[in-house]
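With the hints as constraints, model all of the structure from the sequences given.
Under the numbering used here, the first residue of the sequence shown carries the number 131, and numbering increases by one thereafter.
None of the hints are false.
Cut-off 30 angstroms, straight-line C-alpha distance, at most; resulting in silico cross-link-like pairs (DSBU-like, lysine-lysine):
1) K274 with K143
2) K193 with K143
3) K537 with K565
None of these hints come from the bench; they were simulated from the model.
Remember, it's a predicted structure, so these values are computed and weren't measured experimentally.
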Amino acid sequence: MHDFQRSAYEFNKVSRLNARRTDLLAKPVTTYNYFGGTAGGAILKNRTFYFADYLGIRDRLGKGHRASVPTTAFRRGDLSAAPTTIYDPLTGDATGANRQPFANKIIPTARISSIAARLNAMIPAPLSESQTGVNYEGSTSRAKDTNGFDVKGDHNFTTNHRVSARYSFQRQVVNDPPLAGYGAAGGPANGGFAGTGTVTTHSGGLNYTAVFSPTLISEFRTGITRYINSAYASDYGTRASDDVGIRGVNISDLTSGLTNIDIGGYSNPVVGYSLSLPWIRFETNWNFVNNWTKTRGNHTMKFGWDYRFNRDGLYQTQVYSLRGQYRFRTGQTGRNGDPLQGFANSYAAFLLDMPNDFGRDLLSAFPEYVQFPLFTYVQDKWQVNKRLTVDIGVRHELYPPATPKQKGGFSNYDIATNSLIVAGVGSNPRNLGRKNYPANFAPRIGFSYRMDEKTVTRSGYGISYIPYPDNRYAYNFPVRQNNSFNPANSFVAAGRMADGLPAPLPFAVPQDGIIRNAPNQAYEVIPLDYHEGYIQSYNFAVQRSLPWKFTLDAAYVGNKGTRVSQQYNANGGFTLGAGREGQPLWSRYRRDAATNVSFIGTSTNYNSLQVKFDRRFSGGFQLTTAYTWSKSIDYSQDNGGFAYLINSVRTRSRSDFDRRHMINQSYVWELPFGKGKRLAASGPLAQLAGNWQVTGILSVMSGSALNISAPPATLNAQRQ
Numbered sequence: 131m132h133d134f135q136r137s138a139y140e141f142n143k144v145s146r147l148n149a150r151r152t153d154l155l156a157k158p159v160t161t162y163n164y165f166g167g168t169a170g171g172a173i174l175k176n177r178t179f180y181f182a183d184y185l186g187i188r189d190r191l192g193k194g195h196r197a198s199v200p201t202t203a204f205r206r207g208d209l210s211a212a213p214t215t216i217y218d219p220l221t222g223d224a225t226g227a228n229r230q231p232f233a234n235k236i237i238p239t240a241r242i243s244s245i246a247a248r249l250n251a252m253i254p255a256p257l258s259e260s261q262t263g264v265n266y267e268g269s270t271s272r273a274k275d276t277n278g279f280d281v282k283g284d285h286n287f288t289t290n291h292r293v294s295a296r297y298s299f300q301r302q303v304v305n306d307p308p309l310a311g312y313g314a315a316g317g318p319a320n321g322g323f324a325g326t327g328t329v330t331t332h333s334g335g336l337n338y339t340a341v342f343s344p345t346l347i348s349e350f351r352t353g354i355t356r357y358i359n360s361a362y363a364s365d366y367g368t369r370a371s372d373d374v375g376i377r378g379v380n381i382s383d384l385t386s387g388l389t390n391i392d393i394g395g396y397s398n399p400v401v402g403y404s405l406s407l408p409w410i411r412f413e414t415n416w417n418f419v420n421n422w423t424k425t426r427g428n429h430t431m432k433f434g435w436d437y438r439f440n441r442d443g444l445y446q447t448q449v450y451s452l453r454g455q456y457r458f459r460t461g462q463t464g465r466n467g468d469p470l471q472g473f474a475n476s477y478a479a480f481l482l483d484m485p486n487d488f489g490r491d492l493l494s495a496f497p498e499y500v501q502f503p504l505f506t507y508v509q510d511k512w513q514v515n516k517r518l519t520v521d522i523g524v525r526h527e528l529y530p531p532a533t534p535k536q537k538g539g540f541s542n543y544d545i546a547t548n549s550l551i552v553a554g555v556g557s558n559p560r561n562l563g564r565k566n567y568p569a570n571f572a573p574r575i576g577f578s579y580r581m582d583e584k585t586v587t588r589s590g591y592g593i594s595y596i597p598y599p600d601n602r603y604a605y606n607f608p609v610r611q612n613n614s615f616n617p618a619n620s621f622v623a624a625g626r627m628a629d630g631l632p633a634p635l636p637f638a639v640p641q642d643g644i645i646r647n648a649p650n651q652a653y654e655v656i657p658l659d660y661h662e663g664y665i666q667s668y669n670f671a672v673q674r675s676l677p678w679k680f681t682l683d684a685a686y687v688g689n690k691g692t693r694v695s696q697q698y699n700a701n702g703g704f705t706l707g708a709g710r711e712g713q714p715l716w717s718r719y720r721r722d723a724a725t726n727v728s729f730i731g732t733s734t735n736y737n738s739l740q741v742k743f744d745r746r747f748s749g750g751f752q753l754t755t756a757y758t759w760s761k762s763i764d765y766s767q768d769n770g771g772f773a774y775l776i777n778s779v780r781t782r783s784r785s786d787f788d789r790r791h792m793i794n795q796s797y798v799w800e801l802p803f804g805k806g807k808r809l810a811a812s813g814p815l816a817q818l819a820g821n822w823q824v825t826g827i828l829s830v831m832s833g834s835a836l837n838i839s840a841p842p843a844t845l846n847a848q849r850q
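And the structure:
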């Protein structure tokens, strides 16, 4: 080995130095350790080299949680403290009318479901008898362990031919346990996200550089990046639902564990886990790149191509979960005609095993998005003279419509026919029939002009295209499907936990791949004529060198977005007070679910004045002062929806991040003590005070825009 170099480092942080949250009685324990090292050197002198590093992180984050749980009296069936009347659902008629209340609001012990009693036993005892407020708190310690390393090797065959290879690996394991006192029952902490998640990332690359002549250089590069992210609930692998008496839930590994119990008015899930667990997500991206550089006279030309393979898969259910969910609401122990219903009615329905609705998500085709983009470019840097440099180029971007990995992996909703078109089934195109636009040319031009030895001006213009956001694609029913069970009206039960969860009933796709009279569910609509949007960016800047090592930069920076992705609910309510009668698709198809067109193209713009006043580092001092005046206009955040459906133009307003004025100032000052400094150059004071720096950052900004709106429920205009 030659010229062997190595390093090691560690950083530690503990909770004893952190403040306690004022709303918690105790401070959760937090520790953080960040450590690693590097090594590198030459294997063959001036020919072969290596480098390696390791990074480890041990992160323990203490978190406090507060929740509302049923009181001790409520769990016995004594709801006498309830602010509403508790009606006996075995009285009255099927519409919920003429019901009689339970005497003294007490449910007889014999009427309490044995399953509800077992589930109640899993909920920790309240710390107070508060009925509607927070009456339980506890802490958790999230453990996040990260291990990763990189290795890289370089070899020079000759001075003109070089190759390098690298491989990177990282594995992160996160364990976020249920709230203290719940154990394997899960509970409401983090919305039910309790369990273990793992992210494993592999990344590798191979690079070859060839110098064919002093004026011609080529680079060939290929690489792959792959990650897989999976998360499972803390009780994964158990038969917890079977154990409490809810049969038919635990029929496979992915459906193992406790079903989700949701009781209106309490912190949910009361027991069980998030509807998103378990999930499996992965991405695999290959790229093949070839770049060329050719110099001729005062021109430096670059050209090349970049071909990619993108594969993105996500299996995550979020309606009822694979393990099912039971929801308990007020109507089952309310009375038709008595509008006063509340959390106690929901809890009484739970005790009586009378769910408002329940269901389960089903395993179907694994949603995977596959695309093969191709990018090419050519650029010329022209040194016109010693004062003027001009850059001219153009980039071409081709985004062919994506296809699913498996036949039937996409499903697109057709508003005109109220049908679902399943990709690759029957005569349906695998890419849904989306148009391909091969003319995505993106020109770029820029110049730099030195007016004198102290003043430089620069300007540029360019176009960049916006790829389709694949995280919201055509993963509609039946790619993702569920079995739901609903009551005849809101005053009767949909079934019983004691009857178990019915066996899965998967939907059979018609042979022609067209599902007519589509179920009344929320859908994504992929426009078949969707054309990628683009951003035009432009700037003009002047830089001036000033006395005493100061410099001043002043620039105009702006951009304009065209066909920027915007989501639009084609079934949003247009008439105030009309409820679902005001939804366009209700009168046509009796659809009251969201129908999100992804995406409508909108325009955006950003304009700013950016000024920077710097003092270069000298004499142990550096200063930077920056001021920005800007205004940004858009319709919403990235891939968001219109705020106003009736008059969508009113949605066009200042961006959420827009701040009209921003001032930032920072400085670095090396204290003048120690060896080689003006003061205390030697002696004990030099050892104690030498080599210290003082830094500071000041940020001042104006406020963001104020948005005034009213909720759809208040306006009685349906809006999902």
